[in-house]
Amino acid sequence: MAETGIGASVRRKEDNRFLTGKGRYTDDINRLGQAYAYFLLSPHARAKINGIDTGAAKQAPGVLGVFTAADLAADGVGGPICGWVVTQKNGEPHKSPAVSALASDRVNYVGEQVAVVVAETLTQAKDAAELIEVDYEPQQAVTKMKASLAKGAPQLHDDVPGNLCFDWEIGDKAAADAAFAKAHHVTKIDILNNRLIPNALEPRAAIGEYDSGTDSSTLYTTSQNPHVARLVLAAFMGLGPENKLRVVAPDVGGGFGSKIYVYRDEIVTLWAAKKLGRPVKWTAERSASFLNDAHGRDHDTHAELAVDKDGNFLGLRVSTLANVGAHNQIFSTATPSYLYGCLLAGQYKTPAVYGEVKTVFTNTAPVDAYRGAGRPEATFVVERLVEKTAREMGIDRTELRRRNFIQPEQFPYQTPCLVQYDSGDFPLLLNRGMEVIDYAGFPARRQASASRGKLRGLGLSCWVEACGLAPSAVVGALGGGVGQWESANIKFNPTGSVTVFTGSHSHGQGHETVFAQIVSEHLGIPVESVEVVHGDTAVVPFGMGTYGSRSGPVGGGAVYKAAQKIVEKGRKIAAHLFEASVEDVEYANGTYSVAGTDKTKTMAEIAFAAYVPHNYPLDELEPGLDETSFFDPMNFTFPSGAYFAEVEVDPDTGQVTILDMVGIDDVGTVMNPMIVTGQLHGGFAQGIGQALYEQCVYDDDGQLLTGSLMDYCMPRADNLPSFKTEETNQPCPHNPLGVKGCGEAGAIGSPAAMLNAVVDAIGVDIDMPATPEKVWRALQSRAQAAE
Amino acid sequence: MPSVSMTVNGKAVTGEVEGRTLLVEFLRQNLNLTGTHVGCDTSQCGACVVHVNGKSIKACTTLAVQAEGAEIITIEGMATNGDLHPIQAAFKEHHGLQCGFCTPGMVMSAADLLQRNSNPSEPEVREWLEGNICRCTGYQNIVKAIQAAAQAMRG
Amino acid sequence: MYDFNYHRPKSIDEALSALSSASDGKLMGGGQTLLPTLKQRLASPSDVVDLSAISELSGITEQGGAIVIGAGTCHAEVAGNASVQSKIPALAALAEGIGDPQVRNRGTIGGSIANNDPAADYPAALVGLGATVKTNMREVAADDFFTGMFETALADDEIVTAVSFPVPEKAGYAKFPNPASRYAIVGVMASKGPAGVRVAVTGAGQGGVFRVSAMETALAGHFSAEALTGVSVPADDLNADLHASAEYRAHLVGVMAKRAVDAAG
Ligand SMILES: Cc1cc2nc3c(=O)[nH]c(=O)nc-3n(C[C@H](O)[C@H](O)[C@H](O)COP(=O)(O)OP(=O)(O)OC[C@H]3O[C@@H](n4cnc5c(N)ncnc54)[C@H](O)[C@@H]3O)c2cc1C
Ligand code: FES
Ligand code: FES
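Residue numbers (the working numbering), protein chains in the order written: chain P, 1462 to 2248; chain Y, 2 to 156; chain S, 133 to 397.
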């Protein structure tokens, strides 16, 4: 089995369809008689809506319907929801404003959906949308967090005084204050974590369909978690019940968090299909995606590290403002609280940590989980601060980290930030990274650059994250609204092939291959004989979907457990066929045998016997070979890594060139090295994008200045180097496969490494992204300061 | 409505279109060749790249009527008799794709590169891909795949 | 996009008649600027007159001491043309740096200069090399052709037919691209030749391409990057946007000018 089992770089089963143009993304699907929806978006960041006149639009050629919030309200259709209740410092739950399915009496960001036109063709729908007259009364918008919290600021929501979503804390304030009181040195830093736009390459899309014969609906949509979408649509939007609603997330062209949520356009498209008795299709234009897909990050942080004279960390204090945009979404409260605060200890045994976070509503698009969600922000704070401390104290940055690392023998390690790290070897990661980047040779390389008039810098980031969401009980205790298990169903077919139904959803991660490898490894059948099915609530029993690097640890764990159930049932069938006792039947590599005899049966033979039970213990055992497992692990997983970046800055222009990027990762057991490496590469690209290129900018009136790829800089092939990656494989102790998750790692660790490298090169702190002008200005100010 | 005729993946096709119908709309909607994707509306992502008369172009920034009489090759026309084109095979071998959305445009763009330069260096490949955005892979395996395909095609 | 009538004339005369009979006709070269504009519904021409089938508009020839490039010639052809590469390598390099391969396979020199985007590359080439624009009506010196941001000397019914570039003694182009769009934040063409010493800057000016006489004077004395030391352009009339302030652009003009001179060899 070695060549296709766990640990093999099996080439992806899904690739042929993508490579030949046969992928089936939502927009590739056309339903008989479908009509097209087009949404009218708000041009204002903040305005009262005094009225909407849809009269002319309704009369336009081809128009089937024009709908506004009133129509949806009349049918009791609800708007987007928040999935996590965060308890504030004062013990009260966070504030979540009521949100309707289309903007009703006010708009709160540019791009907010105000009305929808459904017409025979998309062009007709667009033409008619131009005829809708919205009586807006524009008002002063507020896009910056501090301004939004200020007295007298415009109030976004009547039910949220002061625009404050929550004021939350983690850790022990008194202990942290005491640590600072006895500090030898305190390093302070102010950090902006730039706002990002996810930009999965496939724009979001949806097709709603209603069957009056069965009174049931179907929604094809670009979702990372179709079952969750179904649950939410049924429970909160009134578009269920769940057993009358099918949600299909076919091939999905990347998500990175932005396709977790149930958006207004999906709700309205599904509702309109029933209203009109026609399938309705909607596909986002990229310009609209920029405006109303959930954005990511956007933190403003002050942090301080207290250190003794030997460089031992004594205490950390972090105070953060996080922008949630105009309203909450599913993870918009969890992301800047638990997913952020729980990681503030980093890889260090800092005894006292205190973090406080205020989340703020502003007239900007909603901000929610984006690849890494909270953890890149936490890593960035810790690793920028550590590197700055090393510089200020004149201690080598690797040495300073080494002194403060949680040591391998200290696991499980309870941090001051709620979580208990389960495993890891941080010095190992650091040491290996130093070898690969040739840390010792850096001064000479820097000298060589200087002789060419260039500034060379090296930066690192030693990070740990918590992913594999999971444990339902913990998530529930912290305010999460749903379970965090995953399910898998393995169905043997009578002729020996296998179909695996997983509640995880693959939108690039390669589940169809990796989950087949798990089955191949444990059931002894070739990967080619295993078909993995995902993304359709009508065929997959249930699932919580894919985000937070949970598919490997949780979804994979469920597949493994279902495979074990198959093995055990097969053992009973084999015992009957062997006329042996169950205890005497051995199983290995897809074959049952009885020790000391030459009796053997393959899995395929057992499957046949299970479906053609002519000789079968029917009095004790049901026929069939079909097992389902739900897996809910006992802890998060804790991948970690040491990332190194080396850059060269052109002082004439401020241009940063990446010379090297090294990532040493501990993502636990590596099931498919090729795929894991690919995930890390993608994460690096997004993390480097954040560090050097990407930034979402609103002007003070709330207009999005980076509203297209002309202004929002997505990293391209010539912006990136070839990355060097290695994995150290410390298995996770509490899931059966030992995997920790690798989907977000690259994006979590790389921004800090990259920015630290730039800061190292230029000798001045700057914010991300380190654009040429920013770097050039920093160099100018350094030169002036030196004069 | 104007009618257009062109050859797509070796087959003669004709269709009724409006003046404003984009080539990508014609391919996806009229011909149901949905392998050519639309990832943006500002002509930048390259998900829509196809070949017109042997050159790679953006089908989202070309009118269907402009392709009158032209030879079009789309991603669906790359494999022959079920055998992947060497570029497609190399993308699979080197994991040059994740979600697959950018992939058709990447493959078509790469095919144009390799007919001009049979042995491109890594920087040459990276520069050539200026008009193709991938959000998933970080490009490294795409570059590797294209160089491997070049080698395979040189024989 | 709003709908329009589409024409594909075979000759300039046919094109002109299609244009004159349209209520609001628009010429189309490669469509790489026009189509994105129409897709955003920023314009609604009644008729689009596609120039791509007019054979007299395409092709590159050497005429006396000049390279003449038909208006319909795409950027890739200019970049790959042997005459351009040998006689004005800076122009080939400039064309190779426009957009991406797919844009270069369609976008034309005529369309680029008629559009006169303040961040486009070709205007720097025309002014920096002292080119002449040929139209169906007349010949216009590049210095007089570009009249302001997205403005040219072209009349409504005037078609660019070719651009004639005198072959310079030396010329170099240096571009600092906008990281997102890859258009020029600053692009400088510096040359020495029959048209004198020229330094033309694109990307930076509020009114589009402009010449820097102080630099030209400095280079006339000695055509070397060092000659430009201490010569700067004021930031006052320069563009400022998300990607670069006027002050930074002014600084980049200095840096890119030196690099252009270095590239000229
Ligand atoms: C993704 C992308 C990146 C780009 N990057 C760059 C870049 O880096 N640098 C750069 O300089 N440009 C860039 N461009 C623009 C590109 O070079 C265009 O090709 C060019 O600006 C317009 O040429 P066209 O032939 O496509 O003209 P069209 O789009 O067809 O026309 C543009 C305008 O010119 C008029 N016109 C066209 N031909 C003629 C003619 N012969 N006579 C009179 N009027 C005419 C049209 O009526 C229209 O108003 C980019 C474009 C895209 C889509
Ligand atoms: S769809 Fe993005 S370039 Fe064509
Ligand atoms: S593979 Fe997803 S965008 Fe390239």
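Treat the hints as calculated values from the structure; they're not laboratory data.
Misleading hints may appear alongside valid ones.
[To be verified] Okay, the calculated bits of chain Y under chain S, using three or more residues with CB under 8 Å as the criterion:
| hint | stretch |
| --- | --- |
| 1 | 2 to 14 |
| 2 | 42 to 48 |
| 3 | 66 to 80 |
| 4 | 110 to 120 |
Predicted model only: the values in this text are computed from it and were never measured.
Beta carbons are placed, not taken as given, at the ideal position from N, Cα and C, and that holds for glycine.
Next item on the list: Three residues minimum, CB to CB under 8 Å: does the stretch 2 to 14 of chain Y make the cut for coverage by chain S? Let me know.
Entry: violated (count 1)
Margin query: Please verify the coverage claim for the stretch 66 to 80 of chain Y: does it have three or more residues whose C-beta sits within 8 Å of some C-beta in chain S?
Written below: holds (count 3)
Notebook entry, point to check: Do at least three Cβ atoms from the stretch 110 to 120 of chain Y come closer than 8 Å to Cβ atoms of chain S?
Noted result: holds (count 3)
Checklist line | Whether chain S covers the stretch 42 to 48 of chain Y (at least 3 residues having a Cβ closer than 8 Å to its Cβ atoms) | finding: n = 5 at 8 Å, threshold three: holds.
Checked against the numbered hints given earlier, this structure breaks only hint 1.
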